[in-house]
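Visitor: What follows is the residue order along each chain.
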Amino acid sequence: MRPTGKTVALCAAAGLALFATACGKNNSPSTPTRTPAAPSTSERYVATMGVGGSSFYSFSVNQYGTVNVTLTAVSGVDDSSVAIGLGLGVPSGFGCTPSQTATTGAGSTPQITNVYEIGVYCLRVYDVGNLSGPLTFDVTVAHP
Amino acid sequence: MTNRRFAIRSLVRTTALAAALAAAAACGDSTTPTTTPTTPTGPTTSIFASRLTPGGAVSRQFGASTNGTVTAMLTNAAGPNTIVGFGIGVPTTGLAKCALSTAIQTKAGSTPQLSATVDAGNYCVVVYDLGTLTSPIDFSVTLVYP
Amino acid sequence: MSQTTIRALVLVAVSAVLAVSCGNNDTTTTPTSTTDTRSNETFGATLNVGQSQFYSFTTLSPGQTDVTLVSLRPSGNVTVALSPTVGLGIGTPSGTDCALSNATNTTPALKAQLSVATNVSTYCVKIADIGNLTGAVDYTIRVLHP
Chain A
1 MRPTGKTVAL CAAAGLALFA TACGKNNSPS TPTRTPAAPS TSERYVATMG VGGSSFYSFS
61 VNQYGTVNVT LTAVSGVDDS SVAIGLGLGV PSGFGCTPSQ TATTGAGSTP QITNVYEIGV
121 YCLRVYDVGN LSGPLTFDVT VAHP
Chain B
145 MTNRRFAIRS LVRTTALAAA LAAAAACGDS TTPTTTPTTP TGPTTSIFAS RLTPGGAVSR
205 QFGASTNGTV TAMLTNAAGP NTIVGFGIGV PTTGLAKCAL STAIQTKAGS TPQLSATVDA
265 GNYCVVVYDL GTLTSPIDFS VTLVYP
Chain C
291 MSQTTIRALV LVAVSAVLAV SCGNNDTTTT PTSTTDTRSN ETFGATLNVG QSQFYSFTTL
351 SPGQTDVTLV SLRPSGNVTV ALSPTVGLGI GTPSGTDCAL SNATNTTPAL KAQLSVATNV
411 STYCVKIADI GNLTGAVDYT IRVLHP
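Protein chains in written order, with my numbering: chain A, 1 to 144; chain B, 145 to 290; chain C, 291 to 436.
Mixed in with the good hints, there may be bad ones.
[As the list claims (entries may be wrong)] Estimated spans, in silico, between C-beta atoms of each pair:
#1 A:94 with C:407: 21 to 29 angstroms
#2 C:354 with B:200: 36 to 44 angstroms
#3 A:46 with C:421: 26 to 34 angstroms
To be clear, the hints were calculated from the coordinates, so they are not data collected in a lab.
From the three backbone atoms N, C-alpha and C, an ideal C-beta is built for every residue, glycine too.
Construct the complete structure from the given sequences, taking the supplied hints into account.
Guide: This is how it looks when you write it as structure tokens:
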């Protein structure tokens, strides 16, 4: 027995209704907004670098959150306000490849701040050309 | 034959046909779990010949496709008493082009002078002057590697 | 029994047969590729007496990381292969060092001395003089990682 025109119309209407319902929804999964965790750990890195020198310090971020780097003090032949390079990045090869840098003197507020995923990162401290002798630096890295 | 008997026989035939088709599909399908046979590959033998100049070195790269043993035999090195350096290592970008893992001083011979266990990967063999050559020499190296 | 009922029964029977045959595990075994798709990092430097150095790398997927100390040579010499025992380890960069999770004392070879399971992270390979070096050496290390 062939379906009647009425039956065909009903089926088509039902199909269209389902289609409209499906397409009317926003099927794209909504990305939940994440709140970066505040720093919960501080690591202090004190070292001396020579003219043209650099060194790096690695640390692990254990939770998606904010990392603050503060060059708190320098001492050496040069004036205490001498600007040196700071960089935040990922250890790579024999060094640290920074993705964010700053040239700065010592201070009490973070000179670099950024939000990072869980992982291993590094702080690079380097002479940008301002040193005339060895310099001892004191840097604090605060991270979750 | 009544309609009812005909219908029942139709049911039985249809069911049997469906079962047969399904069975044929299951047995003959390429999706039947199979283990792809691994074609065993034997070691590769490679012979290369070159000329070594005084103070020089000649290196040749090769690739081991699997873990195994590499042997290297130096032959035809310009006479029975000519001693040269002979080593195996990995390719590098440095001047030497080959960072030696093992190296010996040896004459040409009829049996491999070098043997090493390797992982799959790229390697190199080097023949080099120990500082004793006064003129170029021709040599051959036979490599056997997995 | 009406023809409608008989048709329904046929449909159910055929569906049942198909369900049974399709319920079997028909997964295909995908041939395993023999090509190693891991990244190969070969690096080297000069190690002084009493010194240690480390090299960092990042893995992109979970898997196995193989570390091979391939070569030790007198500093500046490319044709001499040394075999003193040195420390070789793998770990995570921490502070100014590489915090080791696996380590061994070994001589150069062409087969990995360390094979460890790694996740997606940044790791480091460390080489150290454990008291057997009598002079500076140039080293070559190969790291195969996902």
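Visitor: Tell me the hint numbers this structure goes against, listed in increasing order.
Guide: none
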